[in-house]
Amino acid sequence: MSVRVGEAAHAPAFPKAAKRLLENAQLRRNVRRATDTIRAKRAKVVAEMADWQELRAAAHEIKEHTLRYLDFYLERFEANCTRAGGQVHWARDADEANRIAIGLIQARGQREVIKVKTMTSDETGLNRALEAAGITPHETDLADMIVQLGEDKPSHIVVPALHRNRSEIREIFLRKMKLAELSDRPEDLTGAARGYLREKFLRVKAGFSGANFAIAETGSICVVESEGNGRMCVTLPEILITMLGVEKVIPTFRDLEVFLQLLPRSATGERMNPYNSIWTGVSAGDGPREFHVILLDNNRTAVLADAESRETLDCIRCGACLNACPVYRQTGGHAYGSIYSGPIGAILSPQLQSMDHSKSLPYASSLCGACYEVCPVKINIPEILIHLRAKLVESGYPPLVERAAMKVASVAFSGADSLAAAQGLARLCQWPFEHDGQLRNLPGLLGGWTDFRDLAAIPKESFRDWWSKRTGGQDE
Amino acid sequence: MPVISLFITCYNDMLFPETGKAVVRVLERLGHAVEFRRQQTCCGQMHYNTGYQRDAFPMMLHFVKVFRDAETVCVPSASCVAMIRDHFPKMADRAGDASLRKAVDELVPRVFEFSELLTDRLGVTDVGAFFPHSVTLHTSCHAIRSLHIGDKPWRLLEHVRGIRLVELPRRDQCCGFGGTFAIKNADVSAAILSEKVESVLDTQAEVCAAVDNSCLMHIGGALSRQKAGVRCLHIAEILASTESGGVQ
Numbered sequence: 000m001s002v003r004v005g006e007a008a009h010a011p012a013f014p015k016a017a018k019r020l021l022e023n024a025q026l027r028r029n030v031r032r033a034t035d036t037i038r039a040k041r042a043k044v045v046a047e048m049a050d051w052q053e054l055r056a057a058a059h060e061i062k063e064h065t066l067r068y069l070d071f072y073l074e075r076f077e078a079n080c081t082r083a084g085g086q087v088h089w090a091r092d093a094d095e096a097n098r099i100a101i102g103l104i105q106a107r108g109q110r111e112v113i114k115v116k117t118m119t120s121d122e123t124g125l126n127r128a129l130e131a132a133g134i135t136p137h138e139t140d141l142a143d144m145i146v147q148l149g150e151d152k153p154s155h156i157v158v159p160a161l162h163r164n165r166s167e168i169r170e171i172f173l174r175k176m177k178l179a180e181l182s183d184r185p186e187d188l189t190g191a192a193r194g195y196l197r198e199k200f201l202r203v204k205a206g207f208s209g210a211n212f213a214i215a216e217t218g219s220i221c222v223v224e225s226e227g228n229g230r231m232c233v234t235l236p237e238i239l240i241t242m243l244g245v246e247k248v249i250p251t252f253r254d255l256e257v258f259l260q261l262l263p264r265s266a267t268g269e270r271m272n273p274y275n276s277i278w279t280g281v282s283a284g285d286g287p288r289e290f291h292v293i294l295l296d297n298n299r300t301a302v303l304a305d306a307e308s309r310e311t312l313d314c315i316r317c318g319a320c321l322n323a324c325p326v327y328r329q330t331g332g333h334a335y336g337s338i339y340s341g342p343i344g345a346i347l348s349p350q351l352q353s354m355d356h357s358k359s360l361p362y363a364s365s366l367c368g369a370c371y372e373v374c375p376v377k378i379n380i381p382e383i384l385i386h387l388r389a390k391l392v393e394s395g396y397p398p399l400v401e402r403a404a405m406k407v408a409s410v411a412f413s414g415a416d417s418l419a420a421a422q423g424l425a426r427l428c429q430w431p432f433e434h435d436g437q438l439r440n441l442p443g444l445l446g447g448w449t450d451f452r453d454l455a456a457i458p459k460e461s462f463r464d465w466w467s468k469r470t471g472g473q474d475e
Numbered sequence: 000m001p002v003i004s005l006f007i008t009c010y011n012d013m014l015f016p017e018t019g020k021a022v023v024r025v026l027e028r029l030g031h032a033v034e035f036r037r038q039q040t041c042c043g044q045m046h047y048n049t050g051y052q053r054d055a056f057p058m059m060l061h062f063v064k065v066f067r068d069a070e071t072v073c074v075p076s077a078s079c080v081a082m083i084r085d086h087f088p089k090m091a092d093r094a095g096d097a098s099l100r101k102a103v104d105e106l107v108p109r110v111f112e113f114s115e116l117l118t119d120r121l122g123v124t125d126v127g128a129f130f131p132h133s134v135t136l137h138t139s140c141h142a143i144r145s146l147h148i149g150d151k152p153w154r155l156l157e158h159v160r161g162i163r164l165v166e167l168p169r170r171d172q173c174c175g176f177g178g179t180f181a182i183k184n185a186d187v188s189a190a191i192l193s194e195k196v197e198s199v200l201d202t203q204a205e206v207c208a209a210v211d212n213s214c215l216m217h218i219g220g221a222l223s224r225q226k227a228g229v230r231c232l233h234i235a236e237i238l239a240s241t242e243s244g245g246v247q
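Keeping their order, the protein sequence lines are chains A and B.
According to numbering that gives the first Met the number 0, the stretch in the first sequence is residues 0 to 475, in order.
According to numbering that gives the first Met the number 0, the stretch in the second sequence is residues 0 to 247, in order.
This is chain A alone, in the form it adopts within the complex (with noise of 0.2 Å):
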């Protein structure tokens, strides 16, 4: 079985990769601009809402029951799109389902396919492997076809192209569109990127989509968007191929109202998306005349079988957390190693690939609860982390000197003299290391500290020490 999560597979450390990232001054510019806008933005339109909290409460419920129930909801979901006249495939890993989409396409004798933003196809890999098998995909959300153009990476969930601002947009269009002159006016980049795409939302046979939601009571499928090049691309081809993780289902059209109201808000600050497309199977004279769902597994239930980690799929990907995170501010997405990036991804990622890659991720917060906070399912991430860390010791995976000083930390904690030991030596250790009551270059792991701040000696009396003198050794 092949499971992976973009690059993850290949993907550097998290310490390493973000080492390098953090001497990229522009980047980091942009990550902190393009953040602190939506977060401002989030804020207003949360703050109108008076039942914010138990809409919060609601949706995660929805979830948690879905998932309780998922293979039943799953099959419900496809009885009504098959009845609706849409056909579902079932996909257990990424390369099974690349292979349906790309026979489907083949089939029909497509070579290009135009395609709204998917992140469960960048989990599979299927750009790659679609141009593998000769078929041109092109990206039409705004955001993925700068990072399409630039053989660049997404570095946000929501906002693919965060990373990159508009001078170096406009350089990007003007290299790949083949354009004599472009100004980094706003109005005048996403000009050129209409005249661009529209050629091809004219053209192109086939759409590929991607769902936010997936409705088991209708078998219908919900996209939201807000460029309309989604609506585009599921209404004008011949063929549309919708590809979603099996946990995007919901049982009832009416828990939209829940997410509706909640995904807008935690994604962009908008009350509303401006372009909400929900359709069903395919109707006669109107739209694609073949509807196809690829429902993909790629260890997801293996997740769902985790009872302290399993709401890590109630995610319906808002990008919020990432917007709150400190370390996703200083990083971006691209230290993630994977499309699923920020304090989300530190979860999901190792998960979907059964910690077999992706292990520093879940050790890349400082679980300052920022992304708990603001998140509109409730994932209690930084819980998740602990547990995701609680496994990786458990299997062996922290140096030997971590698991040695642990160890060492946990017998003096075991009683009060063991302890009062321990600090006496510790007192004991760090004259080699002490200049003006400061300690500097402290060797090992404790290095990590002293290479960027100081670290005041240990005082000569500690506070148990003083108290027994003060109480004559009476209070114990």
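No lab work stands behind these hints: they were computed from the structure.
A hint or two may mislead.
What the hints assert, rightly or not - Below, a sample of chain B positions facing chain A; criterion: calculated Cβ distance under 8 Å:
1. Tyr10
2. Met13
3. Tyr47
4. Gln52
5. Pro57
6. Asp119
7. Arg120
8. Leu121
9. His147
10. Cys173
11. Val187
As the list claims (entries may be wrong) - Residues from chain A shown here face chain B by an in silico Cβ test under 7 Å; the list is partial:
12. Leu66
13. Tyr68
14. Phe71
15. Ile134
16. Phe252
17. Ser365
18. Leu366
19. Leu391
20. Asp416
21. Trp448
22. Asp450
23. Asp453
24. Ala456
25. Pro458
26. Trp465
Said to hold, decoys possible - Covered, in the sense of this in silico footprint (three residues per stretch, anywhere, with C-beta under 8 Å from a C-beta of chain A), are these stretches of chain B:
27. 137-146
28. 162-168
For every residue, glycine included, the Cβ atom is placed at its ideal position computed from N, Cα and C.
Once you have looked at the hints, place chain B on chain A.
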């Protein structure tokens, strides 16, 4: 008047004894009896958050044993209180130990972070302190997101005579400490920290205060390295200061 049992926490005990002394001074000045149970060690937070659950469990058991019959427990560290409140109940559940869970449930409501203890349990905001300096307040992540401490520390500082309080820009942003994160991801941690230091320096305050010395150890470590001339102080040390003594 309840007897207040001080859980100093492992790192305050060794690295920040002045904070513990300040807590004792404030509480005794308010007329409370303070006890210190010498058998206490650590809440297990570092081990637990880094994934060493097996090692954290005996520390939790030890804590429960030491403080089981304590009337009120005062902890001058928000993240340790978060460890106790958020994780101890689950640890007991995972061990499948119903009587331990019961003991935890009975103990947890009596455990207070220092500023919570003053404002909620003891109902005071004016502790009679005097501190003629400009101070900015870093709101520690665990304090605001786990303990939901809100403006309690700020209200305590507001009542300090002579103080000039300056609001910290982007105050809900983490300082980048995160326990072993600061070592395992030292570069990213330092990058987060540099923004925090920038905010602190923007305020032009003489002192950066917080309810958690772990954040202050981090912020203060950078300020010291940069010779920035800004001190970090746990709010207990500010609240302990009076006209006749304390930190000056």
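Hint check results:
1. Tyr10: violated (10 Å)
2. Met13: Holds: closest Cβ of chain A sits about 5 Å from B:Met13, inside 8 Å.
3. Tyr47: Holds - the Cβ of B:Tyr47 comes within 8 Å of chain A, reaching about 7 Å at its closest.
4. Gln52: At about 5 Å, which falls below the 8 Å cut-off, the nearest Cβ of chain A leaves the hint on B:Gln52 intact, so it holds.
5. Pro57: holds (7 Å)
6. Asp119: violated (21 Å)
7. Arg120: B:Arg120 check fails; min Cβ-Cβ to chain A is 21 Å, beyond 8 Å.
8. Leu121: It is violated, given that the least Cβ distance between B:Leu121 and chain A is near 21 Å, above 8 Å.
9. His147: With a minimum Cβ separation of about 10 Å from chain A (threshold 8 Å), the hint on B:His147 is violated.
10. Cys173: holds (4 Å)
11. Val187: The hint holds - B:Val187 has a Cβ within 8 Å of chain A, the shortest such distance being about 5 Å.
12. Leu66: violated (20 Å)
13. Tyr68: Status violated, d = 24 Å.
14. Phe71: violated (28 Å)
15. Ile134: Cβ of A:Ile134 sits 39 Å from chain B, so the hint is violated.
16. Phe252: violated (35 Å)
17. Ser365: holds (3 Å)
18. Leu366: holds (6 Å)
19. Leu391: holds (6 Å)
20. Asp416: At 9 Å from the nearest chain B Cβ, A:Asp416 fails the 7 Å test, so the hint is violated.
21. Trp448: holds (6 Å)
22. Asp450: Where the cut-off is 7 Å and the nearest Cβ of chain B is about 6 Å from A:Asp450, the hint holds.
23. Asp453: Check passed: Cβ of A:Asp453 comes within 4 Å of chain B, closer than 7 Å.
24. Ala456: Constraint on A:Ala456 not satisfied, violated at 9 Å.
25. Pro458: holds (6 Å)
26. Trp465: holds (6 Å)
27. 137-146: Since three or more residues must qualify, the claim that chain A covers the region 137-146 of chain B holds, with 4 doing so at under 8 Å.
28. 162-168: Contact hint for the region 162-168 of chain B vs chain A: violated, 0 residues under 8 Å.
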